[in-house]
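Participant: One-letter residues, chain by chain:
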Amino acid sequence: MKKPVVHITNFNLKFQDKSVLKDLCWTINIGENWLLSGESGNGKTSLVKAIANLIPHYGTVKINFNTPSHLPAVVHYVSNWYQFKDLEGQSNFYYQQRYNKQVASTTNSVGSELRHFGQQNHLNIDTLNPILVALGFEHLLAATLIELSSGEHKKLQLIKAIWLKPQLLILDLPYNGLDSASRRNLNLLLDDLVEDGTQLILISNESEMPSSINRFAKIEGGKLVETAEMQHSINLYTEALIPLPSFFEEKQWPASKSHLIKMIDVNVSYGDKKVLKNINWEVKPGEKWALQGPNGSGKSTLLSLICADHPQAFANNFYLFGNLRGSGESIWEIKERIGLISPELHWYFDPTATVWQSIVSGFYDSSGLFCDPGYTKRLQADELIHFFGLDDYKNTLMNQLPLGKQRLALLGRTIIKNPELLILDEPCQGLDQQQTIHFNKLIDELCKNGTTLIYVGHFESQLPDCIEKRIVLENGEVQVIEDILEAVSHT
Amino acid sequence: MANYFNTLPLREKLNQLGVCDFMDSSEFLDGVNALKGKKLVIVGCGAQGLNQGLNLRDSGLDVSYTLRAAAIESKRDSWKNATENNFKVGTYEELIPTADVVINLTPDKQHTAVVSAIMPLMKEGATLSYSHGFNIVEEGTQIRKDLTVIMVAPKCPGSEVRAEYVRGFGVPTLIAVHPENDPQGKGLAQAKAYCVGTGGHKAGVLKSSFVAEVKSDLMGEQTILCGLLQTGSILSFDKMVEKGINAGYASKLVQYGVEVITEALKQGGITAMMDRLSNVAKIKAFEISEELKDIMRPLFQKHQDDIMSGEFSRIMMEDWANGDKNLLAWRAETGETAFEKTPAGDVKIGEQEYFDNYTLMVAFVRAGVELAFETMVDAGIKPESAYYESLHETPLIANTIARKKLFEMNRVISDTAEYGCYLFDQACKPLLSDFMKKVDTDLVGKNFNEGKDGAVDNRTLIEVNEAIRSHQVEQIGATLRKAMTAMKAIKTA
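Going down the list, the sequences are from chains A and B. Sequential numbering of the first sequence, starting at 704, is according to the working numbering. Sequential numbering of the second sequence, starting at 797, is according to the working numbering.
Chain A on its own, in the form it takes in the complex (with noise of 0.2 Å):
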């Protein structure tokens, strides 16, 4: 009998003293493709790493490539977290930079990033063009690193990963952020690499995968756990929600007016390319609306504008809580009234951050926190990191934290202040299914009382309850604007 493709042996791994993996034990043999699910922070993304040789870690891991392939006999790894660096070699960006316009590139571009990768590994850069189409990609070899979206930085690294088509691909969360045509073409080009020989390791909770998978395992009391398939996605319960803290029953908001935020024909370009064309939205105090469309369609745009992280509001007519942009307003003011989490407020989020810091930072919104916020303020963030269940990591980094805590963390921070608009883009990215129930639910009870939502999600099922309303963008331009309930009694 051949080798096993990965042997791994009395695996351990500890958190802050707390046993993580014990003795843990993994066979792949040829032909698998594993798909790793279950709850976040259970040690699945340090088990892959240490497969890629990425990380120390005590026990034993033993790859074999002992089949004849023409693939590179490599282990690649697609980490849940994208990193790149800026001409000069640094990475000290802030989320907001890809609106601000500047001539000077401080970044590589897509297409000399893609071909320096190409010519690392020798690849032949005919064979990069179909994957591009597939992820839809094309139009963007000419655009910096910096003003890709969170969903397209995954693609890019999911577009290199595909275009190496290593011996062994380990895909942590890949298809966080991308929209579902995009999830579909995924799995295609993966169960077309894996005709070509290539194993897969997928860690995921979705219940869409390449149909290439064949074993399902879960993390379980630290050791590996077959299951004949997603289990855990059966075993999905409805929590009580333990009271939420008390401080949120304080609303201090100024008397409602007709429209929180009102559009008169926006529109947004960088050069001759349309971003957001003729725009006109109307959000009332109180009301939840989910906000769709697929990558690409100007979402994050649209969000930015109201968020005042876009210099181009200044040249548009729209009125936020009652105001004309641009009538003498900072942008910290509008700020103070919006709980706002992104894929990108998070990516770019100060990693060097405590948990505790993080949160306290919702308050001022920073990143980072710059001044002590006093006594009360303290009191309202421990109340609310009990509440998350975030005790023990109070004091943590961000950075030492799996990607789940770090968002229930920011998450948090989006909440504290207890605003009167909340903008969820993609709140749930990172969690696994248990979370993001349990954090609509939340959503559902922090909106009982007038709270103002824009929810975005590319998944109706995982939309709170509370949703009403719904704004559907495709190309920039505004495909439905409709009421949920009243479509829904019309069918």
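I should point out that these hints are in silico values taken from the structure, not numbers from a laboratory. Virtual Cβ for every residue (Gly too), placed ideally from N, Cα, C. Mixed in with the good hints there might be a few duds.
With a straight-line cut-off of 30 Å between C-alpha atoms, the simulated BS3-like cross-links for lysine-lysine are [as the list claims (entries may be wrong)]: (1) A:965 - B:884; (2) B:1003 - B:1278; (3) B:871 - A:977; (4) B:834 - A:1038; (5) B:832 - B:876; (6) B:834 - A:965; (7) A:1120 - A:1172; (8) B:871 - A:980; (9) A:804 - B:871; (10) B:876 - A:1038; (11) A:976 - B:884; (12) B:1278 - A:1097; (13) B:884 - A:804.
Selected chain B positions facing chain A (in silico; Cβ < 10 Å) [unchecked claim]: (14) 855; (15) 877; (16) 882; (17) 956; (18) 964; (19) 998; (20) 999.
Since the structure of chain A is already known, use the hints to place chain B on it.
Facilitator: Relative to chain A, chain B alone:
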């Protein structure tokens, strides 16, 4: 035009040199009100111009840009920067007469031309803002008496000014009001509002004067910031190659070493930098830096003297008039050094290794920072100013060397700094030739601790620690760093 400083009586010279207050955050409670509703027109839209303008507009102020007609017609980068961010752009004739505040953010060298073009167009009682005082102090430009003249100078590159603002913070900023031009007494209020508009008030604001800013800024950039980093880098690289160290390794050690070493300086001053060394290495670095200080003191003093007397700016302006003959020749020479031409090797150098294998640079930095600081304070500059222009800025300049070596450093800094840097470098290298003959690879290129048992004499160590810690730059630094609450650590190695 006469050098402004030289026209002053001694009393007034001392008076203006000695202005330096670290402002309390309570001074900024009025926010941007002093500029609210006023028309701010920025001249120039490079990195400082664009990023300051974005911040000011985001703070609720009315900002537009004025560029030379030629720049608008040919749609230069400055025009694109402004229009693509939806700013109004117009010629001097169109926008200057409407401006309540004209913010001059063009390069130093253009100041005379720019100011003489815009001054006649400015409306009665308006304000003219600078970010550097060279034009007023050294060139002696006289501004119309009805105009208010202020200075607001963020002590960071333009990209940082923007990045820190949107993060909810800011960068340390220096402000000043020109005593000859404050007819309505509104200068300080406007300068403070400007600081709030760019976020500087959150990171620490130093109230200075045009004179103190120029005389300390010139001194700092010529000696420790650019001059000594250049000389030290080139000498270190050449020494390693001479002694048979791999050139790629040497290049990498020198290119990134200053950044790693001065990151410790930024976080905790000379004390923290020296504490990164082992005890034996620290004592050695202390001894040779004392020696370096003795060798270089006369050169530092000459630079300070020439800056104070106006001699430096006189010869530099002569070179300007001469088509930058010296500047260009020296720039070309720097581009040709072996260090510049040897790419950093593909070797991994650990963070601690930069200290252990580059003890010589630690000594250079201590000697240079202390000497520059001492020389400035001896010349009548306040310790707070001297701290900013020596220790505080050294890591910022070191970052530019890490990016693309000395050529990049000289490209990023102003022409004035570059000219002064070459002047220093030309004089300093011969001065150090005897010293460098004694230097071996234990100080640069190899681990100083190798083959040593690490034992030190307790009393020597105590004396050395005491001397480092009790220096005035350490004491003032501790106070000022505490005020700049949240300095972001730059990722190194």
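Participant: Are the hints correct? Go through all of them and say.
Facilitator: Structure-based check of all given hints:
Restraint check for residue 965 (chain A) and residue 884 (chain B): the C-alpha separation of about 24 Å stays at or below 30 Å, so the hint holds. Taken as a hint, the residue 1003 (chain B) and residue 1278 (chain B) pair is honoured in the structure, with Cα atoms around 17 Å apart against an allowance of 30 Å. About 21 Å separates the Cα atoms of residue 871 (chain B) and residue 977 (chain A), which keeps this hinted pair within 30 Å; it holds. Between residue 834 (chain B) and residue 1038 (chain A) the alpha-carbon distance is near 24 Å, which keeps this suggested pair within the 30 Å criterion.
Restraint check for residue 832 (chain B) and residue 876 (chain B): satisfied, since their Cα atoms lie roughly 26 Å apart, inside the 30 Å limit. Restraint check: the Cα-Cα separation between residue 834 (chain B) and residue 965 (chain A) comes to about 27 Å, which is no more than 30 Å; the hinted pair holds. The hinted pair formed by residue 1120 (chain A) and residue 1172 (chain A) meets the criterion: a straight-line CA distance of about 25 Å does not exceed 30 Å. Annotation: proposed proximity of residue 871 (chain B) to residue 980 (chain A) holds, straight-line Cα distance about 26 Å (limit 30 Å).
Restraint check: the Cα-Cα separation between residue 804 (chain A) and residue 871 (chain B) comes to about 15 Å, which is no more than 30 Å; the hinted pair holds. The straight-line distance between the Cα atoms of residue 876 (chain B) and residue 1038 (chain A) is roughly 28 Å, inside the 30 Å bound, and the hint therefore holds. Between residue 976 (chain A) and residue 884 (chain B), the direct Cα distance comes to roughly 21 Å. Compliance with the 30 Å bound is thereby established for this hinted pair. Proposed proximity of residue 1278 (chain B) and residue 1097 (chain A) is supported: the alpha carbons are some 24 Å apart, at most 30 Å.
At most 30 Å may separate the alpha-carbon atoms for a hinted pair to count; residue 884 (chain B) and residue 804 (chain A) meet this at roughly 15 Å. Taken as an interface hint, residue 855 (chain B) checks out: its beta carbon lies about 5 Å from the nearest beta carbon of chain A, inside 10 Å. The closest approach between the C-beta of residue 877 (chain B) and any C-beta of chain A is roughly 6 Å, which is under the 10 Å cut-off, so the hint is satisfied. A distance limit of 10 Å between C-beta atoms decides the matter here; for residue 882 (chain B) the minimum to chain A is near 4 Å, and the interface restraint holds.
Given the 10 Å rule on beta carbons, the hint for residue 956 (chain B) holds: about 8 Å separates it from the nearest Cβ of chain A. At a threshold of 10 Å, the smallest CB-CB gap from residue 964 (chain B) to chain A is about 2 Å, leaving the interface hint in force. Against a cut-off of 10 Å between C-beta atoms, the interface hint on residue 998 (chain B) holds, since the closest Cβ of chain A lies about 6 Å away. Taken as an interface hint, residue 999 (chain B) checks out: its beta carbon lies about 8 Å from the nearest beta carbon of chain A, inside 10 Å.
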